[in-house]
Amino acid sequence: MMAAAMVALLPPVAVILLMQRWFVKGLVGSEK
Amino acid sequence: MTSRRVVVGSVALLATAFAAPLAAVSDEEVKTISTRPGVTQSFLLLPPAAPPLASVILFTATFLFRQFYLTVPDEPAEAAQLDGVGPLRFLWSFLLPLSWTNVAALFVVLFIYGWNQYLWPLMITNTEAMRVVVIGLQDLIPRTGSLGGTS
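Chains as they are written, first to last, in our numbering: chain A, 1 to 32; chain B, 1001 to 1151.
This is chain A alone, in the form it adopts within the complex (with noise of 0.2 Å):
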């Protein structure tokens, strides 16, 4: 059950993980 709730998280979490940079720079950053 809890491997299987690990294994749902997986893509949410790598989405933030690969993206944060550019979420970050897209919601604060006005240097673009």
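Calculated directly from the structure, the hints in this document are not laboratory data. Watch out, some of these pointers could steer you wrong.
Claimed, not checked - Label-pair restraints from in silico Cβ distances:
no., chain 1, residue 1, chain 2, residue 2, range
1, A, Gln20, B, Met1123, 28 to 34 Å
2, B, Pro1073, A, Pro11, 37 to 43 Å
3, B, Ala1129, A, Val7, 15 to 21 Å
4, B, Trp1092, A, Val28, 37 to 43 Å
5, A, Gln20, B, Val1133, 18 to 24 Å
6, A, Val15, B, Met1130, 21 to 27 Å
7, B, Tyr1118, A, Met2, 35 to 41 Å
8, B, Tyr1118, A, Val24, 42 to 48 Å
Stated by the list, open to error - Take a look, some chain B residues computed to stay more than 10 Å from chain A by CB distance:
no., residue
9, Phe1059
10, Thr1062
11, Arg1066
12, Glu1075
13, Ala1079
14, Gln1081
15, Arg1089
16, Ser1093
17, Leu1096
18, Val1108
19, Met1123
20, Ile1124
21, Thr1125
22, Met1130
23, Thr1144
By construction, the Cβ of each residue, glycine as well, lies at the ideal position given by its N, Cα and C atoms.
Once you have looked at the hints, place chain B on chain A.
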């Protein structure tokens, strides 16, 4: 003055672009389900619920792009106008490349939002093959019956 119009137009266009798939998907699903007997009843509630949902997401997108476009100075728009570039071309070749990080941020927000959806996928899916992972997780919870067995 003109650049203000370009900004407003760009926001409207991008917002529409992000909202259109949402509206299309909800409409399609509503139509599909409504044709099945027996499920129509519960689905009568959904059409009124879909637009507000879409507009909430739409608000995030609109506000995100608006805040960025407000920081874009007038000069590029004026230069584009001098070069005979129309508003659409200006949006595509200038504003859109600049707002790439905005698009990325919006993608993250909407992806997490969509992934965590529980009620909507639960209502619109009616076969096991259409179930999403988040709903499937529920089946993994061991149910203890009144006889004390686990299965």
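Need the list of violated hint numbers for this structure, in ascending order.
4, 7, 8 and 18
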